[in-house]
Amino acid sequence: MRRRFLARLLTLPFMAGLLAGLPGVANAATLNRALVASDRNIAPTLAAFLDTLLPRDATSGSASDLAIPNAILTESHNDPLFTRLLQVGCQWLDLAAEGRFADATPRVREVIVAWAAESDWDGVPRRFYELLRQRALERYYSNPAAWGGLPLTRPPQPIGYPEPWA
Amino acid sequence: MKPRFDAVVVGAGAGGSAMAWRLAQHRLRVLVLDAGPRFDPATDYRLHRPDWELGGFPEKRGSTGRYTFGDMQRLESEHDDLRSWNRVIGRLNKTERREISGPGYHHVRGIGGSTLHFTGEAHRMHPAALRMHSDFGVAADWPLTYAELEPYYCAAERLIGVAGPKDPGERWRSAPYPLPPHRFCRASSHLAAAGSRLNMHWTANPRAALSLPYDGRPACNYCANCSRGCPIGDKGSADVTFVRHAEHSGLCEIRPYAQVTGIETSGNRKIASIRYVENGKTRRIEAPLLVLAAGAIETPRLLLANRSRAYPRGVANGSGQVGRNLMETLYWQSTGRVEEQLHSYRGLPADAICWEFNRPNGIPGVVGGCRFTSATQELGLVGPIAYATRVVSGFGAKLKQGVRDTLGHALSVGAIGEFLPNADTFVSLDEKRKDSLGMPLARIHSRLTEQDLIRLRFMARTCRDLLQAAGSKEILEEYGAYDTYSSTHVFGTCRMGEDARTSVANAFGKTHEIDNLFIADASVFPSSGGGESPALTIQALAIRMADKIATGSVIPPSSPLKQDGSSGGAGARFC
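As given, the protein sequences belong to chains H and X, one line each in that order. If you use this note's numbering, the first sequence corresponds to residues 394 to 559, in order. If you use this note's numbering, the second sequence corresponds to residues 361 to 935, in order.
It is possible that some hints are incorrect.
[Unchecked claim] The following residues of chain X were derived to be distant from chain H, with all beta-carbon distances above 10 angstroms:
{"no.": "1", "residue": "615"}
{"no.": "2", "residue": "749"}
{"no.": "3", "residue": "870"}
[As the list claims (entries may be wrong)] Simulated crosslink set (DMTMM-like; lysine to aspartate or glutamate; CA at most 25 angstroms straight-line):
{"no.": "4", "chain 1": "X", "residue 1": "758", "chain 2": "H", "residue 2": "472"}
{"no.": "5", "chain 1": "X", "residue 1": "420", "chain 2": "H", "residue 2": "531"}
{"no.": "6", "chain 1": "X", "residue 1": "758", "chain 2": "H", "residue 2": "458"}
{"no.": "7", "chain 1": "X", "residue 1": "454", "chain 2": "H", "residue 2": "531"}
{"no.": "8", "chain 1": "X", "residue 1": "641", "chain 2": "X", "residue 2": "613"}
{"no.": "9", "chain 1": "X", "residue 1": "908", "chain 2": "X", "residue 2": "459"}
{"no.": "10", "chain 1": "X", "residue 1": "758", "chain 2": "H", "residue 2": "556"}
{"no.": "11", "chain 1": "X", "residue 1": "792", "chain 2": "X", "residue 2": "411"}
{"no.": "12", "chain 1": "X", "residue 1": "454", "chain 2": "H", "residue 2": "513"}
What the hints contain is simulated information worked out from the structure, not anything from laboratory work. Everything numeric in this text was worked out from a predicted model, so none of it was measured. By construction, the Cβ of each residue, glycine as well, lies at the ideal position given by its N, Cα and C atoms.
Work out the full structure: start from the sequences and follow the hints.
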């Protein structure tokens, strides 16, 4: 189901549109510099967005507490399309916040993200929201630190769930 | 010089492994070639890792095939009630044409084949399902009876260690199941209680999963993740059952990463040899006996791809039936949420089944039946990622609390129904696209008929009614074959029959045109059944074929087990 969902989001026409304007790079060093610069630019916005999706609460940490933003940025280095989506999505967030999204109040951030969550399926805000939500949740709940308050406390093996069942 | 092997088997899945095991039991020297890898449960499966939920069955080099698809049919608004959707993203297919889901044909290549990722239901066909044409005027009759196949069901069940109920219902038996049934998990008990309020009788599903230690394998520990690969070996996949015993005989050699590309015939209705590619090298080996067991997509692909002057339509395809009569998985799943904490992330997947509508005339107004199972674990609703991405919408504190509040409360019902062959559902060769060895890819063509939609709508309505009776106030997710093509069970593309004009092989899998070529997979099924999982039937057929090949005879037909536990049939002595 996961792969099917991602395939639905990253349709070719949508991603082709995103590639327009992606700066060409001559070699690995140039690419690396471009990625680092890009990461530095968008990292605060991306972290704020992911922490809005997954805030800290009494039982488990935020996305940043579990290093999700860094992991997603690193993942994007292998995927120019994904890099582009992150850039454009974070630009949109900053525009919506009329400044830096990371500097907006939590309430304002929630309103912006809620708007993205209900916006047109074929638009950048919605695709950015859906894809980042999926990826963030997969990384988040793959970390035992996120399992606080859940009835599951360990992976299914090697113990399983032997009888008798409560 | 004597050939090195008496028999060459192509494909190490359900049929190929059962065939190899039985031939080796008869002291034949057997070579099994499979295009895919071996899997090592200790290192390849991920259920012990914190990120276990991230993938399905693991992929390794060569473990997945490639297929292309013909045009899928348009979706009509009158069938909007059959669209797939979930609470988080709404409709899953946002187009107006039926969509291929992932690879479309979900199949594992490797030692064990698709039994590696199967749930492990161990079903016998309903006796009436073998006479679809004579009794109901559809599909084709099987050229053998349930009684003739019954002793071989017993043989397969005994080798695997199938756990099943005392009362077999309409699938009469000449001997009890080797192992007692599994207890229902809490979710299935809840579903069964709801079913009884609707006069739906639920029973223990016969399972290739051990309820007790057996044959050196441990009992199931109910981790709820059969389809992700069983690391402890209680699941009766072919690698830990037939393959293990075949190799132990000392007469069976199994070679992974060996893809067969060519079938070479001699002039007198015989296969002479085959060509295969192993580690990049093309090899040829004599095949005094050749058994194809690569599945209902790959077996016809191999036959069709080997055209010659003698066989212009492909090997064994004088009838033109190779690739035709494809039957696919007609499925529906509904998931609801109940107030009670069911801990539905644990237990044996598909431990409970309702056969009420499985007979060919079981669904009003249409030929072809269906069956229902308790499906929560099988659908992967077993961990926080599934709940967060499929059950709980939104974001923020509400999302996190929603996952905590709902995990274990999902309750799913799944259904699989009969698929009747039609002229627009078949396998051909892709005219343009080839694999890395230059063989044309298989092209899958599919169309659902009005009769299929009647069955599908019955399945959907019954699932919804059952969830409502179970106390679900809200449906969270539905997924069905109307708008997505996603098949695991495929059948029929080299069907068996008595008439060489309308079938490819006889009742023993021997092709009509070539005397030493046999087919031992679900390609030979003349009908799909009312949703039965095919693995056990494939294995029973293969064992029967092997007896015929090796000895010229088979175990006589069985009789049902009597009340006193005895059987009047000769088959009982075997079981």
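A quick look at each hint next to the structure:
1. With a cut of 10 angstroms on Cβ distances, residue 615 of chain X stays outside the contact zone with chain H, its closest approach being about 30 angstroms.
2. A cut-off of 10 angstroms between C-beta atoms contradicts the statement that residue 749 of chain X is not in contact with chain H; the least separation is 6 angstroms.
3. Consistency note on residue 870 of chain X: stated as away from chain H, and its beta-carbon is indeed over 10 angstroms from all of that chain's, at 40 angstroms minimum.
4. Under the criterion of a C-alpha separation no larger than 25 angstroms, the hint pairing residue 758 of chain X with residue 472 of chain H is inconsistent with the structure, at around 31 angstroms.
5. The suggested pairing of residue 420 of chain X with residue 531 of chain H holds, with an alpha-carbon distance near 21 angstroms, which does not exceed 25 angstroms.
6. Between residue 758 of chain X and residue 458 of chain H, the direct Cα distance comes to roughly 18 angstroms. Compliance with the 25 angstroms bound is thereby established for this hinted pair.
7. In summary, the hint linking residue 454 of chain X to residue 531 of chain H is supported, as the alpha carbons are separated by about 23 angstroms, within the 25 angstroms threshold.
8. The hinted pair formed by residue 641 of chain X and residue 613 of chain X meets the criterion: a straight-line CA distance of about 19 angstroms does not exceed 25 angstroms.
9. Under the criterion of a C-alpha separation no larger than 25 angstroms, the hint pairing residue 908 of chain X with residue 459 of chain X is inconsistent with the structure, at around 43 angstroms.
10. Taken as a hint, the residue 758 of chain X and residue 556 of chain H pair is broken in the structure, with Cα atoms around 33 angstroms apart against an allowance of 25 angstroms.
11. Distance restraint check for residue 792 of chain X and residue 411 of chain X: the Cα-Cα separation of roughly 39 angstroms exceeds the 25 angstroms cut-off, and the hinted pair is therefore not satisfied.
12. Annotation: proposed proximity of residue 454 of chain X to residue 513 of chain H holds, straight-line Cα distance about 12 angstroms (limit 25 angstroms).
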